[in-house]
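Chains A and B are the protein sequences, given in the same order.
Sequential numbering of the first sequence, starting at 861, is according to the numbering used here.
Sequential numbering of the second sequence, starting at 1223, is according to the numbering used here.
Source of the hints: derived by calculation from the structure; they are not laboratory data.
Every residue gets a Cβ at the ideal spot worked out from N, C-alpha and C, and that includes glycine.
Wrong hints could be hidden among the right ones.
[Stated by the list, open to error] So these bits of chain A aren't anywhere near chain B, every CB distance computed over 10 Å: (1) Val875; (2) Tyr896; (3) Gly914; (4) Ser927; (5) Pro929; (6) Arg932; (7) Gln933; (8) Ile935; (9) Ser937; (10) Ser944; (11) Asp945; (12) Gln964; (13) Gly969.
[Said to hold, decoys possible] Example chain B residues on the side facing chain A (calculated, C-beta under 7 Å, incomplete): (14) Gly1264; (15) Leu1268; (16) Thr1286; (17) Lys1320; (18) Phe1323; (19) Gln1325; (20) Gly1326.
[Unchecked claim] Here are the simulated distance ranges between beta carbons: (21) Lys939(A) <-> Arg1302(B): 43 to 53 Å; (22) Val920(A) <-> Val1266(B): 37 to 47 Å; (23) Ala869(A) <-> Arg1276(B): 32 to 42 Å; (24) Gln915(A) <-> Pro1333(B): 39 to 49 Å.
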Amino acid sequence: SQTIHQWPATLVQPVGSPLSLECTVEGTSNPNLYWYRQAAGRGLQLLFYSVGIGQISSEVPQNLSASRPQDRQFILSSKKLLLSDSGFYLCAWSAGQDGARDEQYFGPGTRLTVT
Amino acid sequence: SQQGEEDPQALSIQEGENATMNCSYKTSINNLQWYRQNSGRGLVHLILIRSNEREKHSGRLRVTLDTSKKSSSLLITASRAADTASYFCATGPRNTGKLIFGQGTTLQVKP
Chain A
861 SQTIHQWPAT LVQPVGSPLS LECTVEGTSN PNLYWYRQAA GRGLQLLFYS
911 VGIGQISSEV PQNLSASRPQ DRQFILSSKK LLLSDSGFYL CAWSAGQDGA
961 RDEQYFGPGT RLTVT
Chain B
1223 SQQGEEDPQA LSIQEGENAT MNCSYKTSIN NLQWYRQNSG RGLVHLILIR
1273 SNEREKHSGR LRVTLDTSKK SSSLLITASR AADTASYFCA TGPRNTGKLI
1323 FGQGTTLQVK P
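Please model the complete structure; the sequences and the hints are all you need to start from.
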């Protein structure tokens, strides 16, 4: 069966520090991968999605970047964190050719607090 | 603005009652999906209804889709305290390859 991992689960970082969040998927190949951010009490904002290795689409211009160095690995990064980067970061995957047609499976999330 | 918007934002009911949540969207879609999120956790997929379907059932869940009104509803029958969570609709606009999530409805079921 497929599983999705995210780490770390929680993170407290000072403003201006770098960030690296990792997401890995097991039990499937060539998944579509997604990074979302959720502010407290709000819905999900799609940040990046990827349909293959090295293929990244950015949804919102911001202080973050994403990379997909391996088929089932998706990394969210920042060189210098801002206070506004605080939030709950969720990674998800879906199968198939069209991410809009299939259900997505979410990881447990990373709670990031920038101080 | 968001593609999908849920109504109401918050709902509080007694155990055993039915809970109805609504979702409206703006553009033509491939499908509409409902997800559940327990506090501080990831989202769990509940049900997917395609644009050519009008109603779908899964256990105590019933989802309807009216593409002429660009709206959907999620009905949870005989609610339980364990149903307490936030519920999100997500739409897949045509030719975009991605899902867009609404702001969610927070459901509280009192025992």
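Evaluation of the provided hints:
Distance check for Val875(A) against chain B: the nearest CB is about 24 Å away, which clears 10 Å, and the non-interface claim stands. Under the 10 Å C-beta cut-off, the non-interface status given to Tyr896(A) relative to chain B is violated; the minimum distance is some 8 Å. Listed as a non-interface residue, Gly914(A) keeps its Cβ farther than 10 Å from every Cβ of chain B; the least gap is roughly 17 Å. A cut-off of 10 Å between C-beta atoms confirms that Ser927(A) is not in contact with chain B; the least separation is 18 Å.
Every CB of chain B is more than 10 Å from the CB of Pro929(A) (nearest about 22 Å), matching its label as outside the interface. With a least CB separation of 17 Å from chain B, Arg932(A) remains clear of the 10 Å interface cut-off, as annotated. Non-interface status of Gln933(A) relative to chain B is upheld: no Cβ of that chain comes within 10 Å, the nearest being about 18 Å off. Under the 10 Å C-beta cut-off, the non-interface status given to Ile935(A) relative to chain B holds; the minimum distance is some 18 Å.
For Ser937(A), the non-interface assignment is confirmed: its Cβ lies about 21 Å from the closest Cβ of chain B, beyond the 10 Å cut-off. Every CB of chain B is more than 10 Å from the CB of Ser944(A) (nearest about 19 Å), matching its label as outside the interface. Residue placement check: Asp945(A) keeps its beta carbon more than 10 Å from all beta carbons of chain B (closest about 18 Å). A beta-carbon of chain B is positioned within 10 Å of the beta-carbon of Gln964(A); the least distance is around 6 Å.
The non-interface label for Gly969(A) is inconsistent with chain B: the shortest C-beta to C-beta separation is roughly 5 Å, within 10 Å. Hint status for Gly1264(B) relative to chain A: holds, with the closest Cβ pair at about 4 Å, below 7 Å. Because the smallest distance between the Cβ of Leu1268(B) and any Cβ of chain A comes to about 9 Å, over 7 Å, the interface hint for this residue is violated. Taking 7 Å as the C-beta contact cut-off toward chain A, the hint placing Thr1286(B) at the interface is violated, the least distance being around 18 Å.
Satisfaction of the interface hint for Lys1320(B) is found here, the shortest Cβ-Cβ separation to chain A being roughly 5 Å, below the 7 Å cut-off. Using the Cβ-Cβ criterion of 7 Å, the hint placing Phe1323(B) at the interface with chain A is satisfied: the shortest such distance is roughly 4 Å. Checking Gln1325(B) against chain A by beta carbon gives a least distance of about 4 Å; that is within 7 Å, so the hint holds. For Gly1326(B), the suggested interface contact is upheld, since its CB lies about 5 Å from the closest CB of chain A, less than 7 Å.
Restraint check, Lys939(A) to Arg1302(B): a C-beta distance of roughly 46 Å satisfies the suggested window 43 to 53 Å. In this structure, Val920(A) and Val1266(B) break the distance hint of 37 to 47 Å, their C-beta atoms being roughly 25 Å apart. Between Ala869(A) and Arg1276(B) the C-beta distance comes to about 41 Å, which sits within the given range of 32 to 42 Å. Take Gln915(A) and Pro1333(B): their Cβ atoms lie about 48 Å apart, and the range 39 to 49 Å holds.
In this structure, the earlier hints numbered 2, 12, 13, 15, 16, 22 are contradicted, and the remaining ones agree with it.
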